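Q: Letter by letter, the chains look like this.
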Amino acid sequence: MGMTLFDKIWEDHIVDQNDDGSVLLYIDRHLVHEVTSPQAFEGLYLKNRKLWRPDTVIATTDHNIPTTGIENGIADPISREQVEALDRNCKNFGLIQFPIGDIRQGIIHVIAPEQGVVLPGMTVVCGDSHTSTHGAFGAIAMGIGTSEVEHVMATQCLIQKKPKVMRIKIDGELDPAVTGKDIALYVIGQIGTAGGTGYAIEFAGTTISALSMEGRMTLCNMAIEAGARCGIICVDQKTIDYLKDRPFAPVDEQWDTAIKVWKELCSDEDSKFDKELFFEAKLIEPQVTWGTSPEMVLPVTGSIPSLKDAKDATQREGWARALEYMELKENTAMTDIKVDKVFIGACTNARIEDFRAAAQIIRGKKISPHIKLALAVPGSGLVKEQAEREGLDKIFLDAGFEWRHPGCSMCLAMNDDRLLPGERCAATSNRNFENRQGLGGRTHLVSPTTAAATAITGHFSDIRDWS
Amino acid sequence: MDPFKTVDGLVVPMDRSNVDTDAIIPKQFLKSTKRTGYGPYLFDSLRYKDVVEYGADCSKRPKIDNFVLNEERYTGAEILLARENFGCGSSREHAQWALKDYGIVCLIAPSFADIFYNNCFKNGMLPVTLAAEEIDILFSEVQGTIGYRLLVNLELQTITTSSDRIFSFEIDQFSKYCLLNGLDDIDLTLKKSPKIIEYENMRRLRAPWLFS
Ligand code: SF4
Numbered sequence: 001m002g003m004t005l006f007d008k009i010w011e012d013h014i015v016d017q018n019d020d021g022s023v024l025l026y027i028d029r030h031l032v033h034e035v036t037s038p039q040a041f042e043g044l045y046l047k048n049r050k051l052w053r054p055d056t057v058i059a060t061t062d063h064n065i066p067t068t069g070i071e072n073g074i075a076d077p078i079s080r081e082q083v084e085a086l087d088r089n090c091k092n093f094g095l096i097q098f099p100i101g102d103i104r105q106g107i108i109h110v111i112a113p114e115q116g117v118v119l120p121g122m123t124v125v126c127g128d129s130h131t132s133t134h135g136a137f138g139a140i141a142m143g144i145g146t147s148e149v150e151h152v153m154a155t156q157c158l159i160q161k162k163p164k165v166m167r168i169k170i171d172g173e174l175d176p177a178v179t180g181k182d183i184a185l186y187v188i189g190q191i192g193t194a195g196g197t198g199y200a201i202e203f204a205g206t207t208i209s210a211l212s213m214e215g216r217m218t219l220c221n222m223a224i225e226a227g228a229r230c231g232i233i234c235v236d237q238k239t240i241d242y243l244k245d246r247p248f249a250p251v252d253e254q255w256d257t258a259i260k261v262w263k264e265l266c267s268d269e270d271s272k273f274d275k276e277l278f279f280e281a282k283l284i285e286p287q288v289t290w291g292t293s294p295e296m297v298l299p300v301t302g303s304i305p306s307l308k309d310a311k312d313a314t315q316r317e318g319w320a321r322a323l324e325y326m327e328l329k330e331n332t333a334m335t336d337i338k339v340d341k342v343f344i345g346a347c348t349n350a351r352i353e354d355f356r357a358a359a360q361i362i363r364g365k366k367i368s369p370h371i372k373l374a375l376a377v378p379g380s381g382l383v384k385e386q387a388e389r390e391g392l393d394k395i396f397l398d399a400g401f402e403w404r405h406p407g408c409s410m411c412l413a414m415n416d417d418r419l420l421p422g423e424r425c426a427a428t429s430n431r432n433f434e435n436r437q438g439l440g441g442r443t444h445l446v447s448p449t450t451a452a453a454t455a456i457t458g459h460f461s462d463i464r465d466w467s
Numbered sequence: 468m469d470p471f472k473t474v475d476g477l478v479v480p481m482d483r484s485n486v487d488t489d490a491i492i493p494k495q496f497l498k499s500t501k502r503t504g505y506g507p508y509l510f511d512s513l514r515y516k517d518v519v520e521y522g523a524d525c526s527k528r529p530k531i532d533n534f535v536l537n538e539e540r541y542t543g544a545e546i547l548l549a550r551e552n553f554g555c556g557s558s559r560e561h562a563q564w565a566l567k568d569y570g571i572v573c574l575i576a577p578s579f580a581d582i583f584y585n586n587c588f589k590n591g592m593l594p595v596t597l598a599a600e601e602i603d604i605l606f607s608e609v610q611g612t613i614g615y616r617l618l619v620n621l622e623l624q625t626i627t628t629s630s631d632r633i634f635s636f637e638i639d640q641f642s643k644y645c646l647l648n649g650l651d652d653i654d655l656t657l658k659k660s661p662k663i664i665e666y667e668n669m670r671r672l673r674a675p676w677l678f679s
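Line by line, the protein sequences are chains L and Y.
Using the working numbering, the first residue of the first sequence is number 1, and each one after it goes up by one.
Using the working numbering, the first residue of the second sequence is number 468, and each one after it goes up by one.
If you're looking for bench data, these hints aren't it; they were derived computationally from the structure.
Model, not experiment: these values are computed from the prediction.
Every residue, glycine too, gets a C-beta built ideally from N, C-alpha and C.
There may be inaccurate statements among the hints.
Unchecked claim - Interface residues of chain L toward chain Y, partial, derived using beta-carbon atoms under 10 Å:
id: 1; residue: Arg29
id: 2; residue: Asn92
id: 3; residue: Asp128
id: 4; residue: His130
id: 5; residue: Gly145
id: 6; residue: Glu150
id: 7; residue: Gly196
id: 8; residue: Gly198
id: 9; residue: Ser293
id: 10; residue: Gly391
Construct the entire structure; sequences and hints are all you get.
A: As structure tokens, then:
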């Protein structure tokens with residue numbers, strides 16, 4: 001019987017098999033940021049342990065950094081200490097780092113693919129749940145906690161139990177207005193935020209093959225919101241074309257050898273999955289979340305459900321609580337909901353393609369007077385530079401957006417970019433949990449184009465209605 | 468790490484599903500570079516009316532009345548009873564550090580988010596999954612009984628109620644072994660260094676571009 005893509009990579013990384021079925025899994029790439037690493041470095045210092053392979057670590061600063069006035073440094077002393085701790089640790093251990101001031105600095109999940117540090121067939125970890133993003137390259141990419149960060153630093157390995165593998169196959173042509181983000185939200189709406197628990201999810205089908213690498217990254221990014229251990233997509237010519245000539249990609253003969261190996265990185269025809277689900281692209285519309293969990297999602301043309309339609313008491317209570325927090329009523333049409341702020345950014349949607357798509361929508365228009373703040377936050381210094389070369393920054397600025405310095409920004413509001421209590425936001429990030437974007441803030445997850453259209457009209461809008 | 472063998476502890480019920488890591492420990496506390504001191508901020512935005520940073524004194528903060536952790540009867544709880552998909556969201560281990568620092572050593576739920584589940588073991592905490600119906604029984608018992616305790620025995624993989632009802636649970640043997648013995652798994656893995664080196668040598672030949 002054939003093997004799934006996930007199984008191939010997994011088998012290829014087993015250093016040792018334990019009696020209970022868990023394995024010692026070798027890790028090829030370790031991505032590091034300032035928030036989840038200090039305690040791991042501290043652990044190494046305390047026990048006088050070495051870092052097993054410093055060359056596999058790539059570090060940057062993203063969660064804490066201000067997106068304005070970066071020249072003046074970080075005002076918040078606790079954030080500054082965390083950022084400085086990373087600088088110190090990288091220096092002490094001789095790690096590759098893209099610090100503040102480096103054009104390559106940005107959100108770790110944006111800069112890693114951009115630099116070609118994530119390659120097909122790799123195992124990739126990061127102390128961050130959205131590490132799942134990198135599965136788009138045909139890699140096993142998993143978020144881990146700080147203890148595991150320390151474990152990988154010290155041993156280059158992780159002790160892991162193999163998850164089950166689920167394939168989600170989506171076939172057919174998408175409406176041109178429907179993006180990778182909408183697919184992700186749609187799938188989560190269908191299977192729920194615990195639907196993928198215990199699984200690695202392979203996304204497959206003609207719809208996925210037709211997606212750009214950016215779209216695939218967005219989809220895998222949100223696999224974690226479906227509860228999955230990771231998302232993964234088979235390698236094809238697009239994957240290879242994307243990686244060619246990236247700074248950390250192999251060159252010359254090594255490139256030639258590598259692509260021969262990479263081209264084999266797909267699930268075999270006759271491979272067996274622990275679970276298979278099928279969806280049709282034509283049923284997927286632009287999506288908007290209405291509640292405080294990504295599974296509380298609707299097509300933009302939809303209306304908030306009635307509590308009586310909940311499947312059980314727990315869901316009904318969850319919905320009621322979400323409605324109260326979001327200050328929304330049952331049966332309200334999504335397009336009747338006004339927003340106060342718009343955020344285009346985060347590791348889900350802060351790549352060049354996202355800004356191009358959003359710019360198309362707002363070009364020559366102004367944001368609604370109702371909108372208090374519209375933020376465009378590129379995912380990396382290089383995305384920012386590229387966008388500026390294409391004149392996209394002007395389009396955003398002319399429309400009334402603010403054009404910021406790269407970082408996680410209002411995705412989790414660890415810096416000054418945040419919602420005030422009660423404010424409602426159309427956000428391209430990946431989590432709409434209570435207080436996520438600021439205490440009392442209300443988040444609706446959308447694609448970059450829906451966010452852009454919403455900024456112009458002031459309420460959720462169906463971009464398919466736009467000329 | 469301290470070994471985990473048994474706990475006979477007071478139970479606090481958290482009766483909502485999909486409790487995320489942002490709820491367990493909000494982001495402002497992630498700025499600290501320490502591993503300790505997060506207990507007072509556990510479930511901070513559900514527990515207090517105001518917002519503070521790491522290091523703030525919590526003794527005089529205005530509390531949200533109807534939140535379970537603020538109820539007298541649950542003071543000193545060591546076991547957290549929860550609903551499905553507990554710990555979803557981010558990989559932040561600050562969630563475990565906060566729970567542990569608060570005094571929680573065992574969590575019982577119908578399901579946990581994967582990363583959260585793993586992180587518990589690394590901090591000497593036991594996450595137990597039971598069937599939804601069993602969880603329902605425990606919820607009604609704990610809510611109806613002041614001072615409700617459970618006896619959790621990791622060796623036997625059982626949870627015993629005060630009325631001597633016994634629930635068994637599954638756990639993978641390696642995690643169990645590490646917990647029971649309080650083992651640091653980095654030390655265990657480092658004992659396998661020769662195997663890691665052997666693997667690297669083999670892999671370097673097959674995928675030289677990964678070893679530049
Ligand atoms: S952008 Fe948001 S989700 Fe992505 S790494 Fe940063 S904080 Fe996490």
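Q: Now, for every hint given, state plainly whether the structure supports it.
A: How the hints compare with the structure:
Checking Arg29 (chain L) against chain Y by beta carbon gives a least distance of about 8 Å; that is within 10 Å, so the hint holds. The interface hint given for Asn92 (chain L) is broken, as the beta carbon of that residue sits about 14 Å from the closest beta carbon of chain Y, more than 10 Å. A least Cβ separation of about 6 Å between Asp128 (chain L) and chain Y falls short of the 10 Å threshold, and the interface hint therefore holds. Residue-level restraint check for His130 (chain L) holds (minimum Cβ-Cβ distance to chain Y is 8 Å; threshold 10 Å).
Below 10 Å, beta-carbon pairs count as interface contacts, and Gly145 (chain L) has one with chain Y at about 4 Å; its hint therefore holds. For Glu150 (chain L), the interface hint holds, the least distance from its beta-carbon to any beta-carbon of chain Y being 7 Å, beneath 10 Å. The beta carbon of Gly196 (chain L) comes within 9 Å of a beta carbon in chain Y, closer than 10 Å, and the hint placing it at the interface holds. Because the smallest distance between the Cβ of Gly198 (chain L) and any Cβ of chain Y comes to about 7 Å, under 10 Å, the interface hint for this residue holds.
The beta carbon of Ser293 (chain L) is positioned within 10 Å of a beta carbon in chain Y (closest approach about 5 Å), and the interface hint is therefore held. For Gly391 (chain L), the suggested interface contact is broken, since its CB lies about 34 Å from the closest CB of chain Y, more than 10 Å.
In terms of the numbered hints stated before, the structure departs from hints 2, 10, listed from lowest to highest.
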